[in-house]
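Colleague: Model the full assembly from the supplied sequences, consistent with the hints where possible.
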Amino acid sequence: MLAIIKSWRFLILRRLTQFGTILLFVGSLHGGWSWFGQPLLRGDLSASFILGTIPLADPFAVLQIFFTGHLAKVEVWIGAIIILVFYGLLGGRTWCAWVCPVNLVTDLAGWLHHHTLPKNLFSLPRNLRYLILLMALLLSAIIGLPAFEWVSPIGAMHREILFGLGLGWTGVLGIFLFDWLVVKQGWCGHLCPLGGFYSLLGRYAQLRVQFNASRCTHCGECGTVCPEPQVLNLKQLAKDNQVLSGACTNCGRCIPICPEHSLQFGWRGTQLTNTYYPPQHHLGEN
Amino acid sequence: MNSRRDFLQKTIQGAALATSGGLLWSYLVQRNAQAVPFALRPPGALPEADFNALCIKCGRCVAACPYATLQLAPVGVGAPLGTPYFQPRQVPCRLCQDIPCQRACPTGALSPQLTEITAARMGLAVIDTEHCLSWQGLRCEICYRVCPLREQAITIDARPRRLSKHAMLLPTIHSDACTGCGICEQACPAEVAAIRILPHAWVQGKIGDHYRLGWKQTDGITQTFTPALSNGENSSSAGGLDYLNDPELKY
Chain H
0 MLAIIKSWRF LILRRLTQFG TILLFVGSLH GGWSWFGQPL LRGDLSASFI
50 LGTIPLADPF AVLQIFFTGH LAKVEVWIGA IIILVFYGLL GGRTWCAWVC
100 PVNLVTDLAG WLHHHTLPKN LFSLPRNLRY LILLMALLLS AIIGLPAFEW
150 VSPIGAMHRE ILFGLGLGWT GVLGIFLFDW LVVKQGWCGH LCPLGGFYSL
200 LGRYAQLRVQ FNASRCTHCG ECGTVCPEPQ VLNLKQLAKD NQVLSGACTN
250 CGRCIPICPE HSLQFGWRGT QLTNTYYPPQ HHLGEN
Chain G
0 MNSRRDFLQK TIQGAALATS GGLLWSYLVQ RNAQAVPFAL RPPGALPEAD
50 FNALCIKCGR CVAACPYATL QLAPVGVGAP LGTPYFQPRQ VPCRLCQDIP
100 CQRACPTGAL SPQLTEITAA RMGLAVIDTE HCLSWQGLRC EICYRVCPLR
150 EQAITIDARP RRLSKHAMLL PTIHSDACTG CGICEQACPA EVAAIRILPH
200 AWVQGKIGDH YRLGWKQTDG ITQTFTPALS NGENSSSAGG LDYLNDPELK
250 Y
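Residue numbers (numbering that gives the first Met the number 0), protein chains in the order written: chain H, 0 to 285; chain G, 0 to 250.
Hints are computed from structural coordinates only; laboratory data are not their basis. Accuracy of the hints is not assured; some may be wrong.
[Claimed, not checked] What the simulated footprint calls covered on chain G by chain H, stretch by stretch (three residues with Cβ under 8 Å from a Cβ of chain H suffice, anywhere in the stretch; the number is not a length):
no.: 1; region: 18-28
no.: 2; region: 45-51
no.: 3; region: 64-73
no.: 4; region: 79-86
Given the structure is predicted, the values throughout are model-derived calculations rather than measurements. Positions of the beta carbon are idealized from the N, C-alpha and C atoms, including for glycine.
Modeller: The structure is reproduced here in structure tokens:
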């Protein structure tokens, strides 16, 4: 039992942070959760306040607002910088795998895709998200409205959970069907410009999946579970000793599945040593 | 050679895809933005275009509103999805002195320059005189009595009638003081409210600068007024313009 929990530990933790975040928002809004008279987490994923003092803001949304030619209040800029630093340390797309509510839907769709219809209808380039990111900024400047925020299924789903507006689920349903039946990881892995934004940030991120080339047997288990398998290019990994691609979501799927324990979370620049993981029985097997 | 052609073709195809996708995308966004006309915004909201650009849709104004006046717009109410609005017939704005919704706004879509709630201009009350009870000759004037800016935003004019009937007491709105809070709209006893809050742009006309209301001293047109000439000279030195009123002039 303990072994099962251990092998699913990152999935369990991810679901806990995802649902926990939503719960904090819902509790603060509808349940009046507060501490010292201040709501715990007031707002939504676009912009919020922790305990009425620390602002948080979606840096991509603030950037789009900036591109519309409007200087928002200092508060959201501070909030955006806090978020940038936070995910700059913890790996940009950590947001995608550990917080984003749409990840719940796309993970389910990806699982269904794997177990029911594992063929893609067509292929999309993974870099498409950067084009869409660029278009979101360009369109914001041209039409004077934050282009992605106005169509974002992430915001729509999140606001749907918090406020119940109706029709917000249609985009989410579309993503679910697309990811399940058309292209594997179609939304998160190819289209989402917010994911693209955090991918760019993730290039400088400090929390990385470390790789121990001397242990790896090239079995390929990690690649089958990874939502962005191109980041697990073993040649590149052997050279860098870690996953350096910003597209890595730090979801931690690859870590427990590796039979040789050659993958571990660690800080950028540090090295996995053979003694990092309790090695006794492995050395014994060898 | 072949790869260069390939590259060019791919580039052109990609550009075409991006352009058509972008057109579709901006069409969707702009159509959503134009669905707006009847939406009443929280106090301090910037003009609609600026408000739409700045609103990050966080819902903090909604959470801050102590009367549950504000809502994030669902589909089909005329306001862009997820932006705050209110329906005064259901819950009007109670004009909180400390303006909690505006202070909660992180982006400034609800302008921080609004410091006095009575300076808010969320909309303008408009009376449908054909269905207003007071305008039919009944005693009502409820809108007048509930108005938080009574005698400024709304006044009662008495219109005498023939001897056997009491005078009509007619409510009149004054746009220089009406905040558009909608307390009158909620209170109106008519089956469908005969006084309603509408966005200023939809109900307010404009006289035009070339009309002079001569009896209003404030606009500067008095007996001694002399318009400046286009060459910058004062017309009094030009002569001839005002000769009918000047007995001293000899031509």
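Colleague: It remains to establish, for every hint, whether it holds in the given structure.
Modeller: Okay, the hints, checked on the actual structure:
For the region 18-28 of chain G, the assignment as covered by chain H holds, since 6 residues bring a beta-carbon within under 8 Å of that chain's beta-carbons and 3 suffice. A stretch counts as covered by a chain when three or more of its residues have a beta carbon under 8 Å from one of that chain; for the region 45-51 of chain G and chain H the count is 3, and the coverage holds. Only residues whose C-beta sits within less than 8 Å of a C-beta in chain H count toward coverage, and the region 64-73 of chain G has 4 of them, enough to reach three; the restraint holds. Here's how the region 79-86 of chain G fares: 3 of its residues keep a CB closer than 8 Å to some CB of chain H, so the rule of at least three is met and the hint holds.
Hint compliance for this structure: every hint is met.
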